[in-house]
Amino acid sequence: MTADVGVHAARRLRAPPWLWVPLLIVAAPLLGAAMGETPIPLSTVWQALANQILGAGYALDPIDQGIIWSYRLPRALVAGACGAGLAISGLVLQTLLRNALADPYLLGISAGASTGAVLVVIAGLGGGLVPMSAGALLGALAAFGLVVGLARLSGGGTSARGAAQIVLAGIAGSQLFNALTSFIIARSANAEQARGIMFWLLGNLSGVRWEDVGLALTAVVIAVGTAFWHVRALDAFTFGTQSAASLGVPVGRVQAALVLATAAATAVMVSITGAIGFVGLVVPHAARFLVGSRHARLVPVTALIGMVFLIVADVVARILVPGQTLPIGVVTALIGAPAFAVILVRARCAP
Amino acid sequence: MTLQAHDIGLRVRRRSLLDGIDLTLAPAEILGLIGPNGSGKSTLLRLLAGLVRPDSGQVTLDGRRLDQMPRRQIARRIALVAQNAETADRITVRDAVRLGRTPWLDALRPWSDADEAHVARALARVDLAHLGDRDWSTLSGGERQRAHIARALAQNPQILLLDEPTNHLDIRHQLEVLDLVADLGLSTVIALHDLNQAMRCDRLAVLQHGVLTAIGPPEEVLRADILARVFGVQATVLIDSHDGSRLMRFQPIG
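Chains as they are written, first to last, in this note's numbering: chain S, 1 to 351; chain C, 352 to 605.
Hints were generated in silico from the structure; no laboratory data involved. Computed from a predicted model, the values in this text were never measured in an experiment. C-beta atoms are modelled at their ideal positions from N, C-alpha and C, and glycine is treated no differently. One should not assume that every hint holds.
Stated by the list, open to error - Covered stretches of chain S, as calculated for chain C (at least 3 residues, CB under 8 Å): (1) 142-153; (2) 225-235; (3) 238-245.
Claimed, not checked - Partial list, computed: chain C residues near chain S (C-beta under 8 Å): (4) Arg445; (5) Thr453; (6) Asp464; (7) Val588.
To be verified - Just so you have them, the derived chain S footprint on chain C, three or more residues with Cβ under 8 Å: (8) 430-440; (9) 556-568.
From just these sequences and the hints, can you work out the full model?
Structure (structure tokens):
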């Protein structure tokens, strides 16, 4: 019954999506930039933006201007892109693998991306010619291949036992790639590098600058766009891969395109912010609860909730402990782990 | 529309699953597929649906090779109702049936009233129109099977492939599903376990260890010697005094 109420509430909200979707996309990062340890009025944020982009020349404290433009705004934009990207990755994996627990973090894809990124940055793979995010993408794809292959070999599938197999394979993959990452750091990094990397690995937005914004936005637009282009194909996976194929979906091509786009999004996000857990797991479930299982609505709503969720999580990370910024991964895990428990229990109750 | 298998074979890890199958499905014919567990019935249906490519031979639809046709073109002509197709998603029956329109839609041809009409017709055809808004998880086994058939009908196919559609249903629902299939008037290949039910088909094909051992009208195929060889049972034919129809009783060959 509660689910029905959720659907109706969403219908009322849905009234003119062309109005509130762009509004949300613009408003959320601005609000994220306004909130923090020292709250800055929204009007000041607006003026700082006008000064920077239009050269409006409002008289502002240069410190406020600097905090907003160079620090909080890029941070909020990357947080939003990252949330949308990870949430879409989780949704696509859950649909393609027919598994409610699929998520780039749990399946070890984030861990693989971390290993790839560390290989490039610390071990110097590619001799400085390969960008960090490309290394992360290779790592992410390697981890995905390994985990799915291991799950297949151990009898994974769409059955209840198969669902457990893929999560177990994900644990094995995560452990392996985390160990590889630690090994590379221990072997090649100096003490200062190691400290920085460890902080980054927990999921952290502190180092985010404007250079990262373009990359993050590109990755998220490609991932969401690819998912949106394939909404009907994603729906067709409702009764499994074979059913999708018999409905005329070119399964191999669709899977390849979607996995590549979402692995790329995960890799880019990991290379900027480190591995942030639970967003990809929890957000698609929240979106399904609100708008049901059809992807034409699920894809945009998942992306939007993911965006808002991570911007809010980042604000919480900045103000929860006075005088200190928590790694954002800590905040998402504090919210996500209990939600994960709820999903586990509900999955058991389902037929 | 004619579906043909020309000498098709399939091997997995050097084990032969199907070998040298020749088969022609005539228009509007109901062809029953029988055979013991593991004889290759499901595999043959997957090959006929173009989901799996044969290692040798070929499947053709009106003379065109299936493995050279785009998947979408096949799905507009052939619909498959597989076994154990289940979902944990929270979707309504109508949404599940709407999936059948997938091969007819693309970015340039979005969902239209015509598609909605196809869905409504398919739901009415299987007598589920009143359950359209129900959650999938609330359906009984028989209702789910009928909903799967409605999804297949929404594809507007000329050929229907059914993999043991009466499995796990109580006897009344089994008969309902079989009556429904007989009334559809589509060219149908239906895998069945119950040999008495198989007698209602126009023709029967018998699979044993991936080889087609007999094909023909039910009374020619369901002979005591064939049943003894393929299924290892001794069959006795009884006549129902009520309407004079034949039915069979089976005992293991000791």
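Here is what the structure says about each hint:
1. 142-153: violated (count 0)
2. 225-235: holds (count 4)
3. 238-245: This one holds; 6 residues, not fewer than the three required, reach chain C with a Cβ under 8 Å.
4. Arg445: violated (11 Å)
5. Thr453: Constraint on Thr453/C satisfied, holds at 4 Å.
6. Asp464: violated (17 Å)
7. Val588: This interface hint is violated because 37 Å lies over the 8 Å limit.
8. 430-440: holds (count 8)
9. 556-568: violated (count 0)
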